[in-house]
Amino acid sequence: MKTQLVILLFTFILVACGGDDSSQQTVEKQVAIDDSPPPLTNTSELVSNNDFSFTSSATIKVTLPVTPSSTIGYFINICADFSNENGIDKVNYDSCKLRASLTPNEQNFTLRLSNAETILIAQIWPLQDGAKPISQYFTIQETGNIWRITQP
Amino acid sequence: MFYSKRCPCYFLSLLCISLIIFHSTSDAAPFESCPSKAFLMQNEVAELYGVNLATGQYSLIAANLGTTNKINGVGFNYHDNYIYGWGYEWGTIVRIGDDFQATELPIQDNPGANFYVGDVSVNENTYYFYRKGATYGLYKASLDDQSSEYLKAIKIVDGSTLSLTIYDFAFHPTNNFLYTVNNVGQLYKINADTGTATPLGDVGQTGTFGAVYFDVEGKLYISRNDDGHVFIIDVAEPSPQAALYAYGPSASQNDGARCAIAPVIDESQPPTTDYGDAPDSYGTTLYSNGARHNSSDIYLGTSISMEHNANVYPKEDQDDGITFVTPLLSGSNSLIQVQTTGAGYLNMWGDWNKDGEFSQDEKLVTDRYMDNSNESFLVNTPISAINGFTWVRARFSTTPSLIATGGVSDGEVEDYRVLVINAGNSQIQDPPYYIAFEDSWPEQDDYDMNDVVILQNSSLLLTESYQVKQIEFQGELKALGASYRNGFAIQLDNVLPSNVDPQLVHFEINGVSQSISAIETGTQYLVIKITDDLSEHIQITPGCTYYKTEIGCGNSSQMTFNVTVPFITPIALEQFPQPPYNPFIFAKDATYHGDLFFQPGRGLEIHLKNKIPTSKVEPSYFGLGVDDTQVETDHYYQTANGLPWALAINPASNEEWKHPIERIDIIQAYPNFQSFVETDGNEESDWFSQSNANSSKLYQDN
Numbered sequence: 001m002k003t004q005l006v007i008l009l010f011t012f013i014l015v016a017c018g019g020d021d022s023s024q025q026t027v028e029k030q031v032a033i034d035d036s037p038p039p040l041t042n043t044s045e046l047v048s049n050n051d052f053s054f055t056s057s058a059t060i061k062v063t064l065p066v067t068p069s070s071t072i073g074y075f076i077n078i079c080a081d082f083s084n085e086n087g088i089d090k091v092n093y094d095s096c097k098l099r100a101s102l103t104p105n106e107q108n109f110t111l112r113l114s115n116a117e118t119i120l121i122a123q124i125w126p127l128q129d130g131a132k133p134i135s136q137y138f139t140i141q142e143t144g145n146i147w148r149i150t151q152p
Numbered sequence: 001m002f003y004s005k006r007c008p009c010y011f012l013s014l015l016c017i018s019l020i021i022f023h024s025t026s027d028a029a030p031f032e033s034c035p036s037k038a039f040l041m042q043n044e045v046a047e048l049y050g051v052n053l054a055t056g057q058y059s060l061i062a063a064n065l066g067t068t069n070k071i072n073g074v075g076f077n078y079h080d081n082y083i084y085g086w087g088y089e090w091g092t093i094v095r096i097g098d099d100f101q102a103t104e105l106p107i108q109d110n111p112g113a114n115f116y117v118g119d120v121s122v123n124e125n126t127y128y129f130y131r132k133g134a135t136y137g138l139y140k141a142s143l144d145d146q147s148s149e150y151l152k153a154i155k156i157v158d159g160s161t162l163s164l165t166i167y168d169f170a171f172h173p174t175n176n177f178l179y180t181v182n183n184v185g186q187l188y189k190i191n192a193d194t195g196t197a198t199p200l201g202d203v204g205q206t207g208t209f210g211a212v213y214f215d216v217e218g219k220l221y222i223s224r225n226d227d228g229h230v231f232i233i234d235v236a237e238p239s240p241q242a243a244l245y246a247y248g249p250s251a252s253q254n255d256g257a258r259c260a261i262a263p264v265i266d267e268s269q270p271p272t273t274d275y276g277d278a279p280d281s282y283g284t285t286l287y288s289n290g291a292r293h294n295s296s297d298i299y300l301g302t303s304i305s306m307e308h309n310a311n312v313y314p315k316e317d318q319d320d321g322i323t324f325v326t327p328l329l330s331g332s333n334s335l336i337q338v339q340t341t342g343a344g345y346l347n348m349w350g351d352w353n354k355d356g357e358f359s360q361d362e363k364l365v366t367d368r369y370m371d372n373s374n375e376s377f378l379v380n381t382p383i384s385a386i387n388g389f390t391w392v393r394a395r396f397s398t399t400p401s402l403i404a405t406g407g408v409s410d411g412e413v414e415d416y417r418v419l420v421i422n423a424g425n426s427q428i429q430d431p432p433y434y435i436a437f438e439d440s441w442p443e444q445d446d447y448d449m450n451d452v453v454i455l456q457n458s459s460l461l462l463t464e465s466y467q468v469k470q471i472e473f474q475g476e477l478k479a480l481g482a483s484y485r486n487g488f489a490i491q492l493d494n495v496l497p498s499n500v501d502p503q504l505v506h507f508e509i510n511g512v513s514q515s516i517s518a519i520e521t522g523t524q525y526l527v528i529k530i531t532d533d534l535s536e537h538i539q540i541t542p543g544c545t546y547y548k549t550e551i552g553c554g555n556s557s558q559m560t561f562n563v564t565v566p567f568i569t570p571i572a573l574e575q576f577p578q579p580p581y582n583p584f585i586f587a588k589d590a591t592y593h594g595d596l597f598f599q600p601g602r603g604l605e606i607h608l609k610n611k612i613p614t615s616k617v618e619p620s621y622f623g624l625g626v627d628d629t630q631v632e633t634d635h636y637y638q639t640a641n642g643l644p645w646a647l648a649i650n651p652a653s654n655e656e657w658k659h660p661i662e663r664i665d666i667i668q669a670y671p672n673f674q675s676f677v678e679t680d681g682n683e684e685s686d687w688f689s690q691s692n693a694n695s696s697k698l699y700q701d702n
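So the protein lines, in turn, are chains A and B.
Residue 151 in our numbering sits at position 151 of the first sequence, with consecutive numbering throughout.
Residue 522 in our numbering sits at position 522 of the second sequence, with consecutive numbering throughout.
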């Protein structure tokens, strides 16, 4: 951001109505002075590096665990759009970045995200009637761009 | 439904009337209008039901019609809005008005028997009735009290000449012929003036069709007594066939009446029918005998919506009953979750061969009984199922063994677009990209970035060895603020066209399979051409100039596309091009595209900055206007200041990117765009988020 100078502008005292001196509160209000150029109103005034593609995206490297069972199949969905309702993750499967079966070997994938996406869910499902998923979460800002998903 | 509401009043008035006067002196008022519902007269002592032909849903209208015997041969008289029939108690014609009381109408020259086949002509105010046998035949009696033949039975033909084993007939709404289906499924057309019957062929269904109706479009409906199935027949077809239309009420004794000039759905009333939303090739709309369910308290998920007719893809309903936890894994088990409200039977179909239809053997779930439950269970997809997205239909009803189309009296239908992959394969889904173009290249424009806006989704299917075996694009035209005529295509750089069999490419526009190939011929790298002219696929709102760029110019027309491209030889993932790939617009042949050209046609391409053109580009166009393309250094489609003519914007999966209003510079709509550009994308990389937008500058769909 372009905020470079912060000035303590003023201090004032609020006295609560009906209170005594001990109820005095001090509030300091800080105002940012922005010395960056004024915003442009025409894109034509912009100048860009001729190599810059104007496209932004993020990638993460994901390692899938080996399947925990040789008799029951396991499937994993890694998705970006989900919510938690009453303790249950409700996933929009249209937002899944990866849908894959777990295998006897670890699998590595590179997934591409929007820069506006900050958290992912990995749900591992046993392929059996009445199945319940095991969920793991990945927050890009906290964890970086490498996600090693643990075996359920 | 106004009949049901009238019933309590009716029963009270009936009680009073029957205590004071005889039925024969009652003078009920006619019905207020020509109703869309059909009437069904049933049982040994006549009872009258109302039937929604669209769904088969029925309800008792009147349990007491003021008679102790049957009423049969009923027909609705469009001329006076009364129901007429044959009253067995009196052995003559009866008339029924809005009090649902039968009034006997003695007729002159009464044949002296009871009749169970009858209807009222649409063209004339006359009741026609029929009984097989030499003693009887086809008769008519005028219902016009101004006619000299009023209530006089006139024999048209004797019942040995016209000898049909039929239980009802109905007048066509326009041609004045009677139509009927006999007990072995033979469809007949009867000349009402001469009594001559013409066989029209075997409709493929047998039984006692005790109730026969027409709708205003000339479609014939026949209701079979023993199972209540209602079939629809297009009598105008060269070989008319009976298709199951709805699951209606069964009865040992049945007769139907309907106002033949009424549509099946009364759009003046609130909707009471649920439809699916798959493309209409699957049988979705009423016109296509689509799957439909009458309003009830059982449904999939926790909510249901009602429509007068289907919202066909790309329009869609809000479905909430089925969750496909895994893709459908061909030749293997897949996991789905199903939630139901109420108890009933679940049936599901999948279009495994992607022919645009659900055949009877394309079942995924058959008659699974569920009662207010939320269950996860395995389903098996046949190994022959073609990889890629296809449609799945789920129907839930108290009626078991439903087929994929037709009406039923309760429950819900939900249609889903679902991914099918081979077991062991995996799917990588690319971020959604909004590809926004200015189409003035090589001249500078106003940077409102809405001349063409395409939402582009793409996904890759990977083999077990992580090679790309197939790519699928799904897209939607979001804006067309262009004065020029533009086509749209996507190039897969470095992928050779010879690695694709065009015959195996599946291409749809608005869910409709296209006969033309999406693979452009004669290119160096693979080019998937969606259209030569985007404007041909949408309609401009009257009073507006463009598509979804001007305030107050909402537009319900849509253009979506789906292309599935399998590769002959799978391609290593690390060698495959990266999203958003290389989408571009191009000038439509023989159209004006700016003063620098006459009609540049296909050779004028506009790509994202630094994306390579196709081999069909006209290289002499580079460097014209303010274009500063440097082919030798691979710097394409940019000005001397490095500004592009196209952007690829990828918001979060749950967010829609909104483009600027016509002639609003994108920097005014998205102020952080400036910092994003000036820092080469190192700052404000989410400049396109709606939280960073000046929403008053954005086009809002309305």
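Among the hints, a few may not be true.
[What the hints assert, rightly or not] Residues from chain B shown here face chain A by an in silico Cβ test under 10 Å; the list is partial:
hint, residue
1, G424
2, D430
3, L455
4, N457
5, Y466
6, Q467
7, Q470
8, E536
9, H537
10, F597
11, F598
12, Q599
13, K609
14, A652
15, N654
16, E678
I should point out that these hints are in silico values taken from the structure, not numbers from a laboratory.
If you're wondering where the values come from, they're calculated on a predicted model, not measured in any experiment.
Glycine included, every Cβ here is placed at the ideal spot set by N, Cα and C.
Cross-check of the supplied hints:
At about 6 Å, the closest approach between the beta carbon of G424(B) and any beta carbon in chain A falls short of 10 Å, and the interface hint on this residue holds. Hint status for D430(B) relative to chain A: holds, with the closest Cβ pair at about 6 Å, below 10 Å. Given hint, L455(B) at the interface with chain A, is violated; its Cβ is 13 Å from that chain's nearest Cβ, farther than 10 Å. Because the closest C-beta pair between N457(B) and chain A is about 9 Å apart, less than 10 Å, the hint holds.
Evaluation of the Y466(B) hint against chain A yields a held restraint, the C-beta minimum of about 8 Å falling below 10 Å. About 13 Å separates the beta-carbon of Q467(B) from the nearest beta-carbon of chain A, more than 10 Å, and the hint is not met. With a least beta-carbon distance of about 14 Å to chain A, the hint placing Q470(B) at the interface is violated under the 10 Å criterion. Taking 10 Å as the C-beta cut-off, the interface hint given for E536(B) is violated, the closest approach to chain A being about 28 Å.
Look at H537(B): its Cβ only gets to about 23 Å from chain A, farther than 10 Å, so that hint breaks. Checking F597(B) against chain A by beta carbon gives a least distance of about 22 Å; that is not within 10 Å, so the hint is violated. Proximity of F598(B) to chain A is violated relative to the hint, the smallest CB-CB distance being about 27 Å (cut-off 10 Å). At its closest, the beta carbon of Q599(B) sits 27 Å from a beta carbon of chain A; the interface hint therefore is violated under the 10 Å criterion.
At its closest, the beta carbon of K609(B) sits 6 Å from a beta carbon of chain A; the interface hint therefore holds under the 10 Å criterion. A least Cβ separation of about 4 Å between A652(B) and chain A falls short of the 10 Å threshold, and the interface hint therefore holds. Hint on N654(B) holds. Least Cβ distance to chain A is approximately 4 Å, under the 10 Å limit. At its closest, the beta carbon of E678(B) sits 7 Å from a beta carbon of chain A; the interface hint therefore holds under the 10 Å criterion.
Checked against the numbered hints above, the structure breaks hints 3, 6, 7, 8, 9, 10, 11 and 12 and satisfies the rest.
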